[in-house]
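Colleague: Read off the chains here:
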Amino acid sequence: MKLDRIKIDKYRLLEIVSPVLGFLASLVVLVIIVVAVGESPVKAFVAIYKFSLSKSAKLATILSMSIPLFFAGIAVAFAFQAGVFNIGVEGQYFFGGLIGALAGIYFHFPPFIHIPVVIIFSMLGGALWALIPAILKVTKNVHEVISTIMFNSIALALLNYLVNDPLSGLGKGKSLEPQTAKIQSTALFGKINGFFRLLGWNVPDYVYLDYSLIVAIIMGIIVWFVLFRMRYGFEIRAVGTSLDVARYAGMKVKRLQIAAFLISGALGGLIGLQEIFAIRGYYTYNIASGLGFDGIAIALIGRNSPLGVVFASILFAFLKQAGYGLQFYTSVPNSVIYVITGLMILFIVVINEITAGYIKALRKKEAL
Amino acid sequence: MNVPLLEMKGITKRFPGVLANDRVSFDLYAGEVHALVGENGAGKTTLMKILYGLYSPDSGEIFINGEGIHIKNPREAIHHGIGMVHQHFMLIPPFTVLENIIIGEESHRAGILKLDEPANKIREIMEDNNLIVELDARIENIPVGLQQRVEILKILYRGAEILVFDEPTAVLTPQEVHELFKTFREMKKRGKGIIFISHKLDEVLEIADRITVIRKGKIIRTLERKEATKPLIAELMVGKPVLLEVKKPEVKVGEVVLEVKDLRIKSPRGYDVVAGVDFNVRSGEVYGIAGVEGNGQSELVEAIAEDVPIKNGDIILMGKSIVRWDVRRRREAGISHIPEDRHRYGLLLPFSIAENLTLGMHYREPFVNRLQVMNRKAIRDFAKGVIEKFDIRTPSEMTPAHALSGGNQQKVIVARELSAEPKLLLASQPTRGVDIGATEFIHNQIMNAKGEGRAVLLVSADLDEIMSLSDRIGVIYKGRIIREFQRSETTKEEIGFYMMGEKEAEKEAGEGASGGGEERADKAADKGGSGDEA
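Chains as they are written, first to last, in this note's numbering: chain W, 13 to 380; chain G, 92 to 625.
Warning: the hint list may mix true and false statements.
To be verified - Here are the simulated lysine-lysine pairs, BS3-like style, with alpha carbons at most 25 Å apart:
hint, chain 1, residue 1, chain 2, residue 2
1, W, LYS372, G, LYS307
2, G, LYS357, W, LYS266
3, W, LYS152, G, LYS357
4, G, LYS140, W, LYS372
5, W, LYS264, G, LYS357
6, W, LYS264, G, LYS514
7, W, LYS266, G, LYS402
8, G, LYS402, W, LYS152
9, G, LYS338, G, LYS480
To be verified - Covered stretches of chain G (chain W as the covering partner; in silico rule of three or more C-beta atoms under 8 Å from a C-beta of chain W):
hint, segment
10, 406-419
11, 424-436
12, 443-455
13, 459-466
14, 490-502
Said to hold, decoys possible - Simulated DEER-style distance windows between Cβ atoms:
hint, chain 1, residue 1, chain 2, residue 2, range
15, G, GLY476, W, LYS372, 22 to 32 Å
16, G, ASN466, W, TYR218, 43 to 53 Å
17, W, SER347, G, ALA511, 53 to 63 Å
18, G, GLY361, W, ASP177, 45 to 55 Å
19, W, ASP177, G, GLU231, 51 to 61 Å
Note that these hints are calculated values from the structure, not bench results. Virtual Cβ for every residue (Gly too), placed ideally from N, Cα, C.
Hey, can you work out the whole structure from these sequences and the hints?
Modeller: The following block contains the structure:
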């Protein structure tokens with residue numbers, strides 16, 4: 013019995029080691045690129061170090077940047093668990109953010125109600141934007157990759173229009189960046205930097221460690237619990253593993269897929285919390301784009317598990333910072349980081365496959 | 092005759108952690124059929140893959156006609172006159188028979204395929220070996236038995252002297268098996284050597300000149316036909332005596348549990364794949380459906396187990412029509428289902444054995460509490476009990492299902508479906524690809540279910556299985572049950588004839604003592620022979 017446990021842990025270890033190997037392999041490529049550009053690898057690594065790990069302020073920045081990435085990753089991962097390829101997290105993020113912002117602008121509540129309300133409305137908005145692709149998938153067999161990509165474009169165009177005209181908070185031509193009216197102060201997210209300083213981590217004021225971090229932690233735990241401890245999570249994972257088996261076992265496959273799709277959208281709606289409610293205090297279509305797509309890579313690297321997504325989103329934030337460092341201190345272009353990120357995903361996926369095959373073989377041998 | 096056509100000496104092949112072949116020696120003479128038998132995973136396939144150049148051995152030598160050779164890939168194997176008929180055919184369905192045979196070997200003049208020359212050559216081979224197929228027919232339009240002939244023609248066309256058959260009879264009707272063995276005999280006459288891999292011992296005893304038993308990577312013994320008996324081979328394969336006969340429990344057949352009335356199902360291609368099926372199954376009774384695969388049996392079972400659209404008719408379980416019920420409701424009403432494709436339908440392969448054992452009941456107490464949180468301890472405890480009761484060989488209940496052998500995976504499914512205590516058990520190809528030990532076990536479980544008064548609907552392509560388990564047998568052909576027999580009033584051959592359709596069967600019956608009768612007499616003689624020695 014004791015032996016079993018040790019063996020299972022051994023497999024676990026192998027599973028954990030494989031993304032690290034992928035990361036190291038991509039660093040090798042980085043060195044090659046740096047040398048090819050004519051820079052010294054040492055200088056490049058120093059630059060990366062200075063911009064990412066050197067000071068507690070830099071570390072805090074990485075943590076702060078990882079919050080929206082985490083929401084993006086877990087949104088995609090949740091859908092992936094059900095075998096749904098929600099490529100539309102980007103659109104759900106934009107739309108969810110707007111609905112949340114509107115709740116922040118036009119509702120009047122005390123903060124302890126207003127903040128949960130904007131969170132819930134952001135989620136509702138995200139889920140709403142996923143609803144049509146979800147229904148189309150289940151009833152008409154329209155592939156969600158196609159429909160959600162379309163919905164991304166629709167979201168962008170729609171929001172551009174809404175923010176420019178009906179929901180504009182500024183007079184025409186008052187700003188180069190069309191935006192909504194200001195969000196009520198009762199709905200704004202405060203910072204929790206002070207809390208970390210109490211713990212002895214010197215987080216400077218300009219870094220945003222705000223309520224969205226708390227939301228992220230709570231959501232991460234809920235998602236984990238639902239997926240791995242609750243019946244519906246089990247059914248969602250079963251559907252994602254095999255539609256045929258799920259149907260055979262009497263699960264209501266279509267409902268589960270719709271549910272997973274909507275929950276994915278709802279989680280996607282949370283991506284904008286930090287930027288909208290902590291940083292800007294209003295909504296604009298100019299909020300950071302591309303996060304929804306980063307989520308796909310993060311889910312992939314994190315293997316669709318909430319804990320994996322935590323690490324993957326921090327890794328992504330680190331890479332973004334590293335890119336700024338390279339650009340700032342060396343002649344290596346920032347875009348190299350995109351190359352590295354892409355390669356890293358490739359490496360990790362390939363190495364995952366190899367170790368997964370190896371673990372399978374080991375298990376089979378043990379069972380024989 | 093003294094130099095063997097093929098000799099493999101001291102072949103050893105090691106995979107990470109498994110010794111797949113341990114100093115295996117195997118030889119084959121021209122003009123003989125040498126059967127290679129063993130359980131799944133015993134090392135038969137590995138040995139043949141080495142011969143065919145798909146694996147290279149860690150050590151050992153291969154001789155052809157006394158000459159040492161080294162086979163690096165299948166192309167070289169073919170060059171040395173080794174041909175293989177795989178279990179799954181390597182044919183291109185929309186191509187014609189002729190195109191499939193010459194593919195990869197085709198010659199051309201100014202870019203235009205030469206077809207006449209090869210066609211003549213192939214016709215010659217066909218006549219010599221009792222392998223007649225229409226060359227212009229498309230593969231997708233001819234039955235499995237003929238497709239297999241095309242595979243054989245393919246390798247003979249390439250000049251094979253050594254022919255390896257990997258479980259060739261698994262997909263054939265008894266009559267097609269008979270034809271295949273005729274071909275074997277023709278090829279023997281022409282000095283070809285045949286390696287016959289099978290786990291159907293009756294067939295091995297019918298056709299083989301020598302029988303080699305392999306177990307856990309080692310050759311256990313090579314038997315001459317004379318000294319071989321069914322129980323002996325089975326014992327050598329498994330390593331302990333095996334009960335080959337299933338004990339049928341004495342049980343009173345009770346009320347009708349399942350009734351299917353004029354059921355029609357339209358296939359996606361537009362015709363009626365189930366075309367008016369009527370039958371019933373009573374409690375304590377096993378109703379066997381015999382038929383060549385693809386005659387509607389899969390769709391029939393699916394319609395009983397799942398809410399698929401049907402065109403007409405009714406399915407009645409314990410007096411209630413269930414056609415509008417979803418899967419969960421049907422399961423709750425007492426239907427269990429051993430699906431025909433266990434990987435596709437039966438198991439969540441990456442999930443643990445424990446989770447797989449509760450699948451379909453996973454939403455009930457005690458496996459979840461009122462808040463729908465899963466009770467992992469209850470799941471594990473339940474699994475431990477089932478694993479022990481059904482003797483599932485697994486390191487632990489938390490091991491993922493993909494780690495188990497095929498036989499143990501099937502045991503997981505059978506255990507799960509029976510521990511739901513069904514009123515009706517649908518067993519679709521319950522022992523396909525499963526080794527003798529597990530087959531014996533599964534058969535006993537089905538008999539236990541019968542003994543407990545459950546109704547069992549058994550669908551199998553294996554006629555022996557149908558014959559040994561069923562009380563009544565329906566033969567399905569083109570979506571209809573064309574004849575129904577009491578088990579005690581029929582023979583395997585009779586059912587075999589009906590499996591090819593009513594007309595065929597009537598024709599056979601009409602010819603009476605002439606053609607068909609002779610074949611039957613042949614078979615009977617063979618049977619008698621093996622019976623004496625047993």
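Colleague: Now tell me, hint by hint, if it's right for this structure.
Modeller: Each hint, compared with the structure:
Between LYS372/W and LYS307/G the alpha-carbon distance is near 20 Å, which keeps this suggested pair within the 25 Å criterion. The hinted pair formed by LYS357/G and LYS266/W meets the criterion: a straight-line CA distance of about 23 Å does not exceed 25 Å. Only pairs whose Cα atoms come within 25 Å are accepted, and LYS152/W paired with LYS357/G is accepted, the gap being roughly 20 Å. With a C-alpha separation of about 22 Å, the suggested pairing of LYS140/G with LYS372/W holds against the 25 Å cut-off.
Using a Cα cut-off of 25 Å, the hinted pair LYS264/W and LYS357/G holds, with the two alpha carbons roughly 24 Å apart. A distance of roughly 23 Å separates the Cα atoms of LYS264/W and LYS514/G; the hinted pair therefore holds under the 25 Å criterion. This hinted pair checks out: LYS266/W and LYS402/G have alpha carbons roughly 23 Å apart, not beyond 25 Å. About 21 Å separates the Cα atoms of LYS402/G and LYS152/W, which keeps this hinted pair within 25 Å; it holds.
With a CA separation close to 19 Å, the supplied pair LYS338/G and LYS480/G stays within the 25 Å bound. Coverage of the segment 406-419 of chain G by chain W holds. Counting CB-CB distances below 8 Å, 3 residues qualify, and the rule asks for three or more. Counting residues of the segment 424-436 of chain G whose beta-carbon sits less than 8 Å from any beta-carbon of chain W gives 4, enough to reach three: the coverage restraint holds. Taking a C-beta to C-beta cut-off of 8 Å, the segment 443-455 of chain G contributes 5 residues in contact with chain W, enough for the three needed, and the coverage statement holds.
Counting residues of the segment 459-466 of chain G whose beta carbon lies closer than 8 Å to any beta carbon of chain W gives 4, which reaches the threshold of three, so the coverage claim holds. With a cut-off of 8 Å between beta carbons, the segment 490-502 of chain G has 7 residues touching chain W; three or more are needed, and the interface restraint holds. With their beta carbons about 27 Å apart, GLY476/G and LYS372/W fall inside the hinted range of 22 to 32 Å. With their beta carbons about 48 Å apart, ASN466/G and TYR218/W fall inside the hinted range of 43 to 53 Å.
At about 58 Å, the CB distance of SER347/W to ALA511/G agrees with the hint of 53 to 63 Å. For GLY361/G and ASP177/W, the Cβ-Cβ distance of about 53 Å falls inside the hinted range of 45 to 55 Å, so the restraint holds. A hinted range of 51 to 61 Å for the beta carbons of ASP177/W and GLU231/G is consistent with their spacing of about 60 Å.
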